[in-house]
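Novice: Please model the entire structure based on the sequences and the hints provided.
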Amino acid sequence: MKGNRFTAPACPTASPRTGIRRGRPISCPATLGEASIPSGPQGVGIIRQPRTKADVTGTPTDVPYRRYRHRRRRWPYLTAAGLLVVAAIVGWQLWRVPWVSATAPGPDAFVSSQSPVVKLRVRNLQELADVRVFFAGRDVTAATTLEGDELAFAPPDDLADGTYVVRFSARASNLFRRSIVQEWHFTVDTVDPTLDVDPLLREGKIRTEPAVFTGESEPGAVVTAEVGDLTASETVAAEGDFRVEMDLPEGRAEVVLTATDKAGNSVSRTLSLYVDPSPPTLEVTRLGRTVDTNSLTVKVAADDGARAPEVLATLDDEPVELDGAPAKGKLKLNGLAEGRHTLVVTATDRGGNTTTDTQVFTVDSTERFGAATLMRGARGKDVRQLQVRLAQFDVYDGGNTGQFGEQTEAAVLAFQEKFGLMADGIVGPRMLMALSGHVVVDLSELKLYLYRDGELAKTYRVATGAPEFPTPTGTFAVTSKVMDPTWYPPNSEWAKDAEPIPPGIENPLGTRWIGTSAPAVGIHGTPDPGSIGTYASHGCIRMYISDVEELFEKVAVGMPVLIRR
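Each number in the working numbering corresponds to the 1-based position in the sequence shown with 873 added.
Hints in this document: simulated from the structure, not taken from any laboratory.
One should not assume that every hint holds.
[As the list claims (entries may be wrong)] Taking CB as the label site, the calculated pair distances span:
#1 A977 <-> T1108: 22 to 30 Å
#2 Q1265 <-> E1426: 18 to 26 Å
#3 G1137 <-> S1046: 35 to 43 Å
[As the list claims (entries may be wrong)] Calculated cross-link-like contacts (lysine to any residue; reagent style SDA-like; alpha-carbon spacing at most 20 Å):
#4 K1354 <-> P1381
#5 K1331 <-> L1316
#6 K1354 <-> I1418
#7 K1201 <-> L1169
#8 K1331 <-> I1405
#9 K1078 <-> F1266
#10 K1205 <-> K1254
#11 K992 <-> D981
#12 K1078 <-> D1120
#13 K1172 <-> D1190
#14 K1203 <-> L1155
#15 K1427 <-> T1348
#16 K1078 <-> L1103
#17 K1427 <-> A1244
#18 K1205 <-> G1161
#19 K1427 <-> T1229
#20 K1254 <-> S1309
#21 K1320 <-> G1388
#22 K1320 <-> Y1417
#23 K1354 <-> Y1417
#24 K1172 <-> R1159
#25 K1331 <-> K1427
#26 K1078 <-> T1229
#27 K1201 <-> R1159
#28 K1354 <-> P1373
#29 K1203 <-> S1168
#30 K1354 <-> F1425
#31 K1205 <-> G1243
#32 K1201 <-> R1213
#33 K1291 <-> S1309
#34 K1205 <-> L1169
#35 K1427 <-> M1356
Note that beta-carbon positions come from the ideal geometry of N, C-alpha and C, so glycine has one too.
Specialist: Structure representation (structure tokens):
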């Protein structure tokens, strides 16, 4: 041994105190003093070691190695403990993160009160600084009350209907949130929603299965229908329409419709309804496409269970009365015009359901012109004669087809308008009379000619206008017929001081007046028979009283009057 260096003796056989670890140095406790001897491929080495108990007691010991080994075993526990501390701090900070957990009214809420109390529940509110609350752009922090984690304030004045914004802000010392800002809005709505139902419901009728309630209300509102214990509801669409369906038994029903908007405002409407989803049955006698008579009887049978339906009938848009009960009634169609007709029979039950029967038929009951009224759809010899007569009056230029079609109807209308008849396109009694005859007044001959069915029927002597009051010429029509007329002074210079003259022997019109479409000109009698055959009138056509009374019975309103020179 020289100084602290020595040559290590051979190590005794390894004992339980000897540490051998995977080729690492072998420590021999018997020789451990100031050195330990490593072994291995590099040979024997000398390592300086601190002093041990062997220096004092002479007994070898491995205290330094044991301390080293204990320190290596302890560091994982220390690391784990540190991580647990960090996790606890992080968890605590996360748990203490402040945030607005609830508001009243809530975001996008609707309220019906003009004085709502606004509340905010803020987690860990006590740990926040610089707390501010704004309402509708105004700082209301000073008016806010604090209770635990809840802030509350009431607006100082009643709020008008509209949308209001609430804003909350504060600073925090939390590791994960240094500040908090929350903003939301709610709407004040104090107006009740509208509730309007469709016309059929207002009439008290439901004819669908299931029953359907339709109408209009405030968009977003909920419409509820209640009938006893039955309830159904739907939300009103953005367009304002609603449709609520409900299964209801047939019969009477009292329905309460309620519309409730988002703010809770509501309005109700009670409807007294009759539910009847089934239409009535209807049977009508079938008619042929063509009938050869102008009188028909049509049988009708309508039924709707316990209560008879209402039956209405029209012939060519004119009402026809039902004879008898709806279950066993009759329609009597008399005096049918020649031509096409449309018969419509409709049965309507209490619920508003309808069943309709429509028939189109043509009447062809005679071939003799003038024996029956003619209208569109008629055909035969009588129509051919009609077309010939219309052509004579220059209102028809079509062929002699015998078919009362569009062109013939247009000619009839033209004739009616030309001669002052009601323009309906139907050749009725008045037009038949006008077509069957006409009057010709010849001023040069001072005679009146009556034609019937295209042939001269009678000739009468007349007086016409004096040279200073000439009778006008042209084609006119009979416009009126008056028995025992009163004479009224015309608006002329010669009659300015005259007074009306009642019927009698002194009446200048005699006993009959046949008015024409010529201005202020008519055919009448005269108490001065000596004037007949002269130009003596103020423009009218005078006749003997007996002659004008005879002519009066043979002419009709609308009959053409031709005045020629």
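Novice: All the hints need checking, so say for each whether the structure fits it.
Specialist: Structure-based check of all given hints:
no., hint, in the structure
1, A977 <-> T1108: 22 to 30 Å, "holds (24 Å)"
2, Q1265 <-> E1426: 18 to 26 Å, "holds (24 Å)"
3, G1137 <-> S1046: 35 to 43 Å, "holds (42 Å)"
4, K1354 <-> P1381, "holds (16 Å)"
5, K1331 <-> L1316, "holds (17 Å)"
6, K1354 <-> I1418, "holds (15 Å)"
7, K1201 <-> L1169, "holds (16 Å)"
8, K1331 <-> I1405, "holds (17 Å)"
9, K1078 <-> F1266, "violated (56 Å)"
10, K1205 <-> K1254, "violated (27 Å)"
11, K992 <-> D981, "holds (15 Å)"
12, K1078 <-> D1120, "holds (15 Å)"
13, K1172 <-> D1190, "holds (19 Å)"
14, K1203 <-> L1155, "holds (13 Å)"
15, K1427 <-> T1348, "holds (19 Å)"
16, K1078 <-> L1103, "holds (19 Å)"
17, K1427 <-> A1244, "holds (17 Å)"
18, K1205 <-> G1161, "holds (16 Å)"
19, K1427 <-> T1229, "violated (45 Å)"
20, K1254 <-> S1309, "holds (15 Å)"
21, K1320 <-> G1388, "holds (18 Å)"
22, K1320 <-> Y1417, "holds (12 Å)"
23, K1354 <-> Y1417, "holds (17 Å)"
24, K1172 <-> R1159, "holds (9 Å)"
25, K1331 <-> K1427, "holds (10 Å)"
26, K1078 <-> T1229, "holds (19 Å)"
27, K1201 <-> R1159, "holds (15 Å)"
28, K1354 <-> P1373, "holds (19 Å)"
29, K1203 <-> S1168, "holds (13 Å)"
30, K1354 <-> F1425, "holds (7 Å)"
31, K1205 <-> G1243, "violated (23 Å)"
32, K1201 <-> R1213, "violated (27 Å)"
33, K1291 <-> S1309, "holds (16 Å)"
34, K1205 <-> L1169, "holds (6 Å)"
35, K1427 <-> M1356, "holds (14 Å)"
Checked against the numbered hints above, the structure violates hints 9, 10, 19, 31 and 32; every other hint is satisfied.
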